[in-house]
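Chain by chain, the residues run as shown.
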Amino acid sequence: MVQQQHQPTGGKRDPGGDPVPELPDLSWIDKTLGWGIKARVEPFGGGMTVDALNIGVYAEVPDHIPFRNRLPRGAYPAPGAGSIGGYYLQDKHEQWADCAGRLYEEAISRRWSTATDIPWETAHGLNDDVELAICQLATELSQHASVETEVISGWLQNLSPGYHEVKLFLSTATYDSARMFEGYRKRAMVNGGGMMLESPGGMNRAILETYAGWSQTVLGMWFVRNSLDTTILRYLAAYGPTEADRALAARLIPDRMRAAAYATDHIRFAISKKPELAIGFQVWLGGVEYAQARDLRDPVLTEALAIIFGRGVAGMDDGMTVVRRLLQDFVKTYLSRCKQANLDRSKSLSGSFQVMLSGMPAPPRPQA
Amino acid sequence: MATEAKPEKYITSFQQLMEEGRKNGYRLDWLLPRETFGARIDSDPDAGGLLLQDIDRGPFAEIPDWSNNMSGRPRGSLTRANAARVGNYSIRTKGDIWLKNASQLYEEAVQRQWSSAVDVPWETMEELPDDIERAECQLATFLTEVEFVAGDVPGKWISQTTPDYYEPRMFLISQIMDEARHMDVFRKRAFANGGGLMSQTTNVALSGGAIDSARDFTEMSARLHISGEGLVLSIFRMGERMSYNAAEKAIYRLAASDESRHVAFGVMHLQYLSQTDPQRKEEIHSYLDEIELGLIAGTGGQNPAQRGTPSSAALAILLGGGSDPTLMAEGAQIALAVRQRQVKEYVQRVKVAGLGERFENGRANATLAAYVSA
Ligand SMILES: [Fe+2]
Chain A
1 MVQQQHQPTG
11 GKRDPGGDPV
21 PELPDLSWID
31 KTLGWGIKAR
41 VEPFGGGMTV
51 DALNIGVYAE
61 VPDHIPFRNR
71 LPRGAYPAPG
81 AGSIGGYYLQ
91 DKHEQWADCA
101 GRLYEEAISR
111 RWSTATDIPW
121 ETAHGLNDDV
131 ELAICQLATE
141 LSQHASVETE
151 VISGWLQNLS
161 PGYHEVKLFL
171 STATYDSARM
181 FEGYRKRAMV
191 NGGGMMLESP
201 GGMNRAILET
211 YAGWSQTVLG
221 MWFVRNSLDT
231 TILRYLAAYG
241 PTEADRALAA
251 RLIPDRMRAA
261 AYATDHIRFA
271 ISKKPELAIG
281 FQVWLGGVEY
291 AQARDLRDPV
301 LTEALAIIFG
311 RGVAGMDDGM
321 TVVRRLLQDF
331 VKTYLSRCKQ
341 ANLDRSKSLS
351 GSFQVMLSGM
361 PAPPRPQA
Chain B
1001 MATEAKPEKY
1011 ITSFQQLMEE
1021 GRKNGYRLDW
1031 LLPRETFGAR
1041 IDSDPDAGGL
1051 LLQDIDRGPF
1061 AEIPDWSNNM
1071 SGRPRGSLTR
1081 ANAARVGNYS
1091 IRTKGDIWLK
1101 NASQLYEEAV
1111 QRQWSSAVDV
1121 PWETMEELPD
1131 DIERAECQLA
1141 TFLTEVEFVA
1151 GDVPGKWISQ
1161 TTPDYYEPRM
1171 FLISQIMDEA
1181 RHMDVFRKRA
1191 FANGGGLMSQ
1201 TTNVALSGGA
1211 IDSARDFTEM
1221 SARLHISGEG
1231 LVLSIFRMGE
1241 RMSYNAAEKA
1251 IYRLAASDES
1261 RHVAFGVMHL
1271 QYLSQTDPQR
1281 KEEIHSYLDE
1291 IELGLIAGTG
1301 GQNPAQRGTP
1311 SSAALAILLG
1321 GGSDPTLMAE
1331 GAQIALAVRQ
1341 RQVKEYVQRV
1351 KVAGLGERFE
1361 NGRANATLAA
1371 YVSA
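Line order of the protein sequences matches chains A and B. If you read the first sequence in the working numbering, its first letter stands for residue 1, the second for the next number, and so on. If you read the second sequence in the working numbering, its first letter stands for residue 1001, the second for the next number, and so on.
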């Protein structure tokens, strides 16, 4: 152990004219909650992971963080460190998911680039109607992702740094969404089609207007919207009209799935800590289902998908059969996420979602 | 902003198609080609592939000086009359956030992502003398604490910026990603070699509260990118001198490469603003007045080399080679050189930003000159 050094101010001065102490104050040198901890590198090539740091006295993740500053979890708290402001989500159940640290490392190890990892040279030569339908879909997917970047990045200042694994994961989630935004913007521009009609605003509103809490945001954004987007991407990965379209969708699916994994894990954790939360979550999801169903009654997205899967306007009836199946899969995906989170929606599913689940006898029509 | 489709070239075939579709009960009123339709963009995989800056075409590349986009629609898209005004964007004036080449900076960030888990040779670390290890861990604790100022605060501003200015938003998102890795890599360093976390920074100003509180993006960016990150970058660039193994060297080298992009963003934004909105120069100079006070007296709090703090003492130990008084005194001398370097680099950045007149007309803090010439 090193002795603390307190030296009187000597005669030296710095360029600013201030006296320079002979030696620095070392009173901090024994300020630690647990010395002698050594984290280990993963044995099978995973390197030094963030979860590997949760050992010894640092293993505990408390249920509540009693301060609103950036104290790293496990550091020796400075008396009078004060509050920075923000960071008002101080309870574990408001944000935690056990898988957050793992998902963070996974996002980094699976990083990719739309610039170099998509065979853009294959994205040309489609018939005009299919190309335009792709551009419409790209406009909407790009906007979904753009809204997501706004939403997640806006919450970061509210989430306590004491749960840094969550903040780390959400940083990758924002970055993933940014990649989806630019990936589909690039796709829309690669043949000049560009951005077409903006997406209906109902779901964007349901995701942005979540003053109630981060968990509510997660429900709207990653239970409902993400289930739809992931299902669309799965169909595009299989039936996309060009190799570039299939590759872009296939690349994006794991990114979407990480967000879904965090979301289900988080909601399940929240309910396990506070079972009464499930009541409010159910009501909330009812509202989001309504917004999503209303957006889908607008025919633009489903018509674009029908053109893509029907390989043109002439094949739209066949395409619409695929779209019905897609929407059915969307609701199935959504329900399975709810179930995994211990939030059974099967008995309280909204009417329009039940219709989609049944395979819909008719394509969505514009409502009067 | 152009929000009209230009169908002439395609109108005949499309009308036929749409009529056929409509006969089958589809609406298809959205199926109209835009102005640039058919203008193919080829990318060269050997020249970095299809980059964000490559797709700037037609109305989609028009960046409005003032944005009326309140629905969050992608720039250049056609509007829906019934879209909700969910944007609530406070940044809707181009000069407030814009810079040249933000797309390039974003794409560079994408290409230069790294992994703190596997790109740092953790296994090369060997046991260090106790005082050195404690100093490393204290510095790592400081850095893991302050790094995410630069993630949380840009996060807030991304959410408040219209998507018509998506390029700076995209860069700031890449910065959040970088900062997450920095927060994480310094936490890892604290645990990687048999130490642990040390002491929290002792006051809120020191942990960057002024950056959180800024009410204007440029004010925030000057404090964060020019001041805070500029100071930290100078430290990272000294990494070679305060590293005791290959792992630490790698950490500082990789973090410095990220940090230089963040600083470049701030410099280029100030440069754009000072060129396009000279009326704001006086206001920016007043932010720089405060920043310079912080640089000299330590009121800003992002500077690990700021004397009297645990992190500066840790630097003295690391630079001198131990806590023995002679070594520490040597280290403190080197730390003084670090502070000089910080000041010199700050002056250079402000000049590049187009605000160098303050060093000619006597406005800059007089002590800066003493540091530069010392
Ligand atoms: Fe940074």
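Source of the hints: derived by calculation from the structure; they are not laboratory data. Don't be surprised by glycine CBs; every beta carbon is placed ideally from N, CA and C. Just so you know, not all the hints are guaranteed correct.
[Said to hold, decoys possible] Listed next, the stretches of chain B that the computed footprint assigns to chain A, with coverage defined by at least 3 CB atoms under 8 Å from CB atoms of chain A:
#1 1173-1185
#2 1282-1289
[Claimed, not checked] Estimated spans, in silico, between C-beta atoms of each pair:
#3 B:Gly1038 / A:Met257: 29 to 37 Å
#4 A:Arg325 / B:Arg1022: 33 to 41 Å
#5 A:Gly17 / B:Arg1057: 55 to 63 Å
#6 A:His124 / B:Gln1016: 19 to 27 Å
#7 A:Glu276 / B:Asn1082: 32 to 40 Å
#8 A:Glu276 / B:Ala1337: 41 to 49 Å
#9 A:Met257 / B:Gly1025: 32 to 40 Å
#10 A:Leu33 / B:Gly1308: 19 to 27 Å
#11 A:Ser336 / B:Glu1283: 48 to 56 Å
#12 A:Ile253 / B:Gly1025: 31 to 39 Å
Hint by hint, here is what the structure shows:
no.	hint	result
1	1173-1185	holds (count 9)
2	1282-1289	violated (count 0)
3	B:Gly1038 / A:Met257: 29 to 37 Å	holds, 36 Å
4	A:Arg325 / B:Arg1022: 33 to 41 Å	violated, 24 Å
5	A:Gly17 / B:Arg1057: 55 to 63 Å	holds, 58 Å
6	A:His124 / B:Gln1016: 19 to 27 Å	holds, 23 Å
7	A:Glu276 / B:Asn1082: 32 to 40 Å	holds, 37 Å
8	A:Glu276 / B:Ala1337: 41 to 49 Å	violated, 60 Å
9	A:Met257 / B:Gly1025: 32 to 40 Å	holds, 35 Å
10	A:Leu33 / B:Gly1308: 19 to 27 Å	holds, 24 Å
11	A:Ser336 / B:Glu1283: 48 to 56 Å	holds, 54 Å
12	A:Ile253 / B:Gly1025: 31 to 39 Å	holds, 32 Å
Checked against the numbered hints above, the structure violates hints 2, 4 and 8; every other hint is satisfied.
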